[in-house]
Structure formats: C-alpha cells, structure tokens
Amino acid sequence: GAVVSQHPSWVICKSGTSVKIECRSLDFQATTMFWYRQFPKQSLMLMATSNEGSKATYEQGVEKDKFLINHASLTLSTLTVTSAHPEDSSFYICSAQAGTGGREAFFGQGTRLTVV
Amino acid sequence: GENVEQHPSTLSVQEGDSAVIKCTYSDSASNYFPWYKQELGKGPQLIIDIRSNVGEKKDQRIAVTLNKTAKHFSLHITETQPEDSAVYFCAASFDNYGQNFVFGPGTRLSVLP
Chain S
19 GAVVSQHPSW
29 VICKSGTSVK
39 IECRSLDFQA
49 TTMFWYRQFP
59 KQSLMLMATS
69 NEGSKATYEQ
79 GVEKDKFLIN
89 HASLTLSTLT
99 VTSAHPEDSS
109 FYICSAQAGT
119 GGREAFFGQG
129 TRLTVV
Chain G
1201 GENVEQHPST
1211 LSVQEGDSAV
1221 IKCTYSDSAS
1231 NYFPWYKQEL
1241 GKGPQLIIDI
1251 RSNVGEKKDQ
1261 RIAVTLNKTA
1271 KHFSLHITET
1281 QPEDSAVYFC
1291 AASFDNYGQN
1301 FVFGPGTRLS
1311 VLP
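Heads up: the sequence lines are chains S and G, in that order.
Taking this note's numbering, I'd label the letters of the first sequence as residues 19 to 134.
Taking this note's numbering, I'd label the letters of the second sequence as residues 1201 to 1313.
Hints are supplied without guarantee of correctness; some may be wrong.
[As the list claims (entries may be wrong)] Pairs of lysine to aspartate or glutamate, DMTMM-like flavour, derived with a Cα cap of 20 Å:
1. S:Lys59 <-> G:Asp1284
2. S:Lys38 <-> S:Glu105
3. G:Lys1242 <-> S:Glu40
4. S:Lys59 <-> G:Glu1239
5. S:Lys59 <-> G:Glu1205
Simulated from the structure, these hints should not be mistaken for laboratory data.
So that you can see chain S by itself, here it is in the shape it has in the complex (with noise of 0.2 Å):
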C-alpha cells in the first residue's frame, strides 16, 4: 500500500506553546488529507479535512483557531496545535486519500502530543 508518513511521532511541550505535525505522502499525492484524534482506548474522531490549496473543513466542535492546518502541496498536510494546554494531549493521527475517486485511505503513524 501507500506509504504515509508522519513527523514527529511523539513530542512533549509546554503549556501555552504550539506544537507542528507534520503528514507526508511519499509516494503518492493525496488531494485530500485527514486529520484525526485518539483518546486512549477510543476509536479515532475525525477533526478536519483539508484539501490542497484550499482552506480545510472542520469537523463540528473542533477550534479552526486552535488547530491550524496547512495543505500547501500535494503531499504535505500540517497540523498546528496552538497555545497546547494538558487537555489537548492526545494521539494525532493523519491519513491521506490518493487521487480523484479513489477512496482507499491510508494513515501515518500518529503523533502522540503530551502537553505538560
């Protein structure tokens, strides 16, 4: 399968700082790129869709301006976690769909962010 990769894949911070994940198609190029959040033992709750070039979609509930994302190319998507507090520690998973009407997914490797 497709091969997607996310960076870093654990990262502690400070309160009150912002933390960037990086997602990378690398050997495909994914118009459209997921972004999504695990609790511990929960399943994954999509948080936004962005799609290159265009400002992303955010899934209800989720803070446009607390969690910033970038899809400036077709094989880079960034998720930006603003002004982190301890509650949004969490795994951030991304994943990356290839081409126009294809629908196979294929996800990173996840980011665990702890916030201290």
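Since the structure of chain S is provided, determine the placement of chain G on it from the hints.
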C-alpha cells in the same frame, strides 16, 4: 448522520482458531467499508476493504462479508496467529468523492499462544 457499531469490544481466541468481528451501519447510502488494524502506539493500517457492489472479499487469511440489506459487514480471520493481536476498527464511508469515514469503536483482539 452515519453511526457504526462494532462487536465485540474485546475478543480472545486461541492461536489457530478463527475470529469474527461484526459491524453494523445506519446509513444505507454508505458504499465503502474498510477494516483497519491498529497496533499499540501506531497508526491504523488498512487490511481489507469492500465496496457495496460486492458481497464478499478474501485476502489469504482475512475475509470480509457485506450484507447491504441488513446493513452489516463482518471481518473474518482464520488460522489466527499471535501477531494478529491488535485493535481492529471497521469504518463506513458515505461520500463518493471524499473519505468522511465513520469508525466503529474498535475491537481488541488477543490471540493466545
């Protein structure tokens, strides 16, 4: 909106036995149903998927069946091995042009040696 239920939440089987995980969905417009395996601390990995125009799909030890009328689909793993131990998520997609996956709550499978 779409709602996906998944059962059981935990499943323990002896190595070599079969494992079956079942999911139901609510939106009859859903037309794509992937299954993901997630190991601890890692992202989900697509293991098999099925589209609504197919009733069954098999890939070596893994198979998925879909009953559109009843709106349920199942994952079947035969000859289970310890490395099959993981959390499995089913999902339903109801958007022909995007992802919009709704995930089930997950099943923690333990294969006992």
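Verification of the hints:
1. S:Lys59 <-> G:Asp1284: holds (18 Å)
2. S:Lys38 <-> S:Glu105: The hint holds at about 17 Å.
3. G:Lys1242 <-> S:Glu40: holds (16 Å)
4. S:Lys59 <-> G:Glu1239: holds (12 Å)
5. S:Lys59 <-> G:Glu1205: It holds: about 16 Å lies between the C-alpha atoms, which stays within 20 Å.
Comparing the model with each earlier hint shows no violations; every hint is respected.
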